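**Q** Sequence:
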Amino acid sequence: MYGAEEIIKSIEPGKWICMQSPTGGGKSKIMEAVTRWAVANDLRVDLKVNRKMLLKQLVEVFSRSGMDFGVRAASMPDRMDHDHPVQISSMPTEASRCLGDDAVLKLHKANIVLVDEAHTQLGPQAMNILQQQADNGACIVGITASPVGMKKYQDIIVAGTNTELRKCGAHVPAIVKVFSELDLSKVGREATGEYRVGDVTKYVYSQAVVGKIIDEWLIANPARKPTFLFAPCVKSSIWMAEEFCKRGIPAAHIDGTDVWHDGELVKDPKGDKRDEIMSLYRNGEIKVLCNRFVLREGIDECSTYHLVLACPIGTLKTFVQVVGRVLRYSPETPNHVIITDHCGNCWRFGSPNMDRDWQKIFGMTEEQLCEEQKKIEKEMAEAPPITCTNCGTMRMSGAKCPEPPVGCGQESSFRGKKIIEKSGKMRIVSEEELRKSHEPKEYSAQELWDRMYWACKKSKSNRPMSFAQAFTLFKKRHGFWPPRNLRNMPRNPNDVRSKVREVAREDLI
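Residues in the sequence shown are numbered from 35 upward in steps of one, following the numbering used here.
Don't take each hint at face value.
[To be verified] Cβ-Cβ distance ranges computed for the label pairs, FRET-style:
| no. | residue 1 | residue 2 | range |
| --- | --- | --- | --- |
| 1 | Ser495 | Gly397 | 32 to 38 angstroms |
| 2 | Gly290 | Asn519 | 49 to 55 angstroms |
| 3 | Cys442 | Gly48 | 52 to 58 angstroms |
| 4 | Arg497 | Pro158 | 36 to 42 angstroms |
| 5 | Ser99 | Met398 | 34 to 40 angstroms |
| 6 | Thr197 | His116 | 52 to 58 angstroms |
| 7 | Lys434 | Cys202 | 28 to 34 angstroms |
| 8 | Arg316 | Gly290 | 18 to 24 angstroms |
[Stated by the list, open to error] Result set (DSBU-like, lysine-lysine): computed pairs, CA atoms no more than 30 angstroms apart in a straight line:
| no. | residue 1 | residue 2 |
| --- | --- | --- |
| 9 | Lys63 | Lys143 |
| 10 | Lys394 | Lys434 |
| 11 | Lys43 | Lys63 |
| 12 | Lys86 | Lys63 |
| 13 | Lys259 | Lys186 |
| 14 | Lys201 | Lys140 |
| 15 | Lys186 | Lys143 |
| 16 | Lys307 | Lys269 |
| 17 | Lys394 | Lys409 |
| 18 | Lys185 | Lys408 |
| 19 | Lys510 | Lys491 |
| 20 | Lys63 | Lys304 |
| 21 | Lys186 | Lys394 |
| 22 | Lys201 | Lys186 |
| 23 | Lys259 | Lys434 |
| 24 | Lys185 | Lys86 |
| 25 | Lys491 | Lys533 |
| 26 | Lys533 | Lys63 |
| 27 | Lys434 | Lys201 |
Hints are computed from structural coordinates only; laboratory data are not their basis. It should be emphasised that the depicted structure is a prediction, and the values quoted were computed from it without experimental measurement. Ideal placement from N, C-alpha and C gives every residue a C-beta, glycine not left out.
Take the sequences, apply the hints, and build the full model.
**A** See the structure below:
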């Protein structure tokens with residue numbers, strides 16, 4: 035197994051290695067192979083996971099393989115065996131028991147630490163634990179499909195590509211359908227690049243929009259095959275499940291703490307009800323499983339045929355993880371799967387089937403990657419994908435829609451988007467409008483000063499800015515001094531040295 039062989043060759047005490055493999059690329063098998071090699075060479079292994087669902091799944095995988103191991107997790111006290119050389123550890127449990135002056139347990143003395151879904155284990159507590167183990171001589175191996183923002187890791191091993199996985203039969207191609215998209219023109223972004231949940235629910239979701247999403251699900255998936263749906267927040271996810279059920283389509287919602295099914299929202303701290311829901315989904319009794327992002331990583335449900343992106347995704351690492359939920363081959367999905375994208379995610383990040391230059395991406399900071407993404411979006415605005423007006427299939431070129439089963443074979447050259455507004459009405463966004471939406475907006479001096487003024491006025495900082503400091507910062511950001519006759523400027527020149535938030539509004543222009 036290529037990924038395992040390369041990891042074994044690279045192992046050195048204290049070294050940080052990242053291994054990238056696409057979703058469905060056999061990361062659990064790679065971890066198992068490395069662990070078996072380590073045990074055969076009298077080395078100790080610690081496998082780190084950070085969520086109960088993934089912990090349970092990894093324990094089941096290793097148990098089926100016949101491997102013996104201990105478990106360091108509050109949720110599995112019956113599997114605890116601290117003396118065993120192989121441990122599967124819950125990162126939250128490790129943080130609560132092994133860190134601080136009141137620590138009750140020492141970290142496992144591992145020679146190799148395998149970090150599952152490593153892109154999610156970059157927080158201060160996780161990095162503190164991993165650094166302690168590295169300082170004690172462990173080689174840290176972070177395993178992920180999306181190696182973004184992993185600046186602590188020194189080297190990357192790319193264990194495969196989507197193309198290679200399709201050639202060997204591990205992946206099937208995804209057909210992207212874009213019947214219509216939600217209007218995201220008023221939705222802001224966080225510093226991380228992700229969209230603001232509050233904005234999405236405030237400006238986008240309505241009864242009519244949800245109904246449109248369900249209508250288009252029925253068009254793309256008339257056989258009602260198993261579906262994952264990603265919503266912008268937990269409340270929207272529950273609402274989507276309710277609306278599917280009202281249309282006679284069995285649906286449920288799961289998140290980290292609760293489950294909604296059969297009209298009832300139930301607390302599920304131990305995950306027992308969630309396991310029951312997943313079993314009903316596998317058996318076909320639940321057709322649509324709605325969530326926010328709890329199904330984003332590591333969930334192996336190969337029978338899933340249809341993925342509904344009913345939320346905007348702001349970062350590449352999240353997009354790669356989410357679309358990866360449906361790319362695996364299974365007897366139920368032998369030829370292709372369907373992705374219905376209602377938020378332009380595939381337009382922003384490219385095809386779910388494409389290969390990416392992970393060597394280059396691994397060497398970039400998240401800030402650099404965000405800037406690169408903006409450039410790509412601008413280029414895409416100048417030549418947006420062609421969307422078939424008949425069946426919704428997206429393609430980059432060609433006079434005709436692909437032949438069935440990929441598309442419908444109809445001639446169509448529409449470049450642009452069909453946007454669903456909050457009212458549920460559809461409007462056509464042309465290529466020209468798309469291009470203009472990506473052009474930088476020019477702001478007046480008044481608009482720029484208003485932004486600066488209100489940021490200083492509402493600041494909770496212990497060192498609030500004076501008007502003089504605000505003027506200097508304005509000059510640094512925009513290249514010119516703000517005119518003193520603008521609205522929200524101090525009337526009295528003596529107030530220039532005063533703190534912005536201390537000057538009364540009636541004393542301003």
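**Q** All hints are to be evaluated individually against the structure, with a verdict given for each.
**A** Status of the hints after comparison with the structure:
A hinted range of 32 to 38 angstroms for the beta carbons of Ser495 and Gly397 is consistent with their spacing of about 35 angstroms. At about 53 angstroms, the CB distance of Gly290 to Asn519 agrees with the hint of 49 to 55 angstroms. Roughly 57 angstroms separates the CB atoms of Cys442 and Gly48, a value that falls within the hinted 52 to 58 angstroms. Checking the proposed 36 to 42 angstroms range against Arg497 and Pro158 shows it is violated: the Cβ atoms sit about 25 angstroms from each other.
The supplied range of 34 to 40 angstroms is met by Ser99 and Met398, whose beta-carbon atoms lie about 36 angstroms from each other. Look at Thr197 against His116: about 44 angstroms separates their beta carbons, and that is not inside 52 to 58 angstroms. Taken as a hint, the range 28 to 34 angstroms holds for the pair Lys434 and Cys202, whose Cβ atoms sit roughly 30 angstroms apart. The hint said 18 to 24 angstroms for the Cβ distance between Arg316 and Gly290, and at roughly 20 angstroms that hint holds.
A C-alpha spacing of about 23 angstroms is found between Lys63 and Lys143, which places the hinted pair at or below 30 angstroms, so the restraint holds. In summary, the hint linking Lys394 to Lys434 is not supported, as the alpha carbons are separated by about 34 angstroms, beyond the 30 angstroms threshold. Simply put, Lys43 and Lys63 have alpha-carbon atoms about 17 angstroms apart, close enough for the 30 angstroms limit, and the pair holds. Under the criterion of a C-alpha separation no larger than 30 angstroms, the hint pairing Lys86 with Lys63 is consistent with the structure, at around 20 angstroms.
Our distance criterion of 30 angstroms between C-alpha atoms is broken by Lys259 and Lys186, whose separation comes to about 42 angstroms. For the hint linking Lys201 to Lys140, the alpha-carbon distance of about 45 angstroms lies beyond 30 angstroms, and the restraint is violated. The hinted pair formed by Lys186 and Lys143 meets the criterion: a straight-line CA distance of about 21 angstroms does not exceed 30 angstroms. The suggested pairing of Lys307 with Lys269 holds, with an alpha-carbon distance near 19 angstroms, which does not exceed 30 angstroms.
Taking the CA atoms of Lys394 and Lys409, the gap is near 16 angstroms; set against the 30 angstroms cutoff, the hint holds. Straight-line distance between C-alpha atoms of Lys185 and Lys408 comes to about 21 angstroms, which keeps the hinted pair within the 30 angstroms bound. Of the pairs offered as hints, the one joining Lys510 and Lys491 holds, with about 19 angstroms between alpha carbons and a cut-off of 30 angstroms not exceeded. Taking the CA atoms of Lys63 and Lys304, the gap is near 27 angstroms; set against the 30 angstroms cutoff, the hint holds.
At roughly 16 angstroms between alpha-carbon atoms, Lys186 and Lys394 fall within 30 angstroms of each other, so this suggested pair holds. This hinted pair does not check out: Lys201 and Lys186 have alpha carbons roughly 33 angstroms apart, beyond 30 angstroms. For the proposed pair Lys259 and Lys434, the alpha carbon gap of about 27 angstroms is at most 30 angstroms, so the pair holds. Taken as a hint, the Lys185 and Lys86 pair is honoured in the structure, with Cα atoms around 26 angstroms apart against an allowance of 30 angstroms.
The straight-line distance between the Cα atoms of Lys491 and Lys533 is roughly 9 angstroms, inside the 30 angstroms bound, and the hint therefore holds. With a C-alpha separation of about 61 angstroms, the suggested pair Lys533 and Lys63 falls outside the 30 angstroms cut-off, and the hint is violated. Taking the CA atoms of Lys434 and Lys201, the gap is near 26 angstroms; set against the 30 angstroms cutoff, the hint holds.
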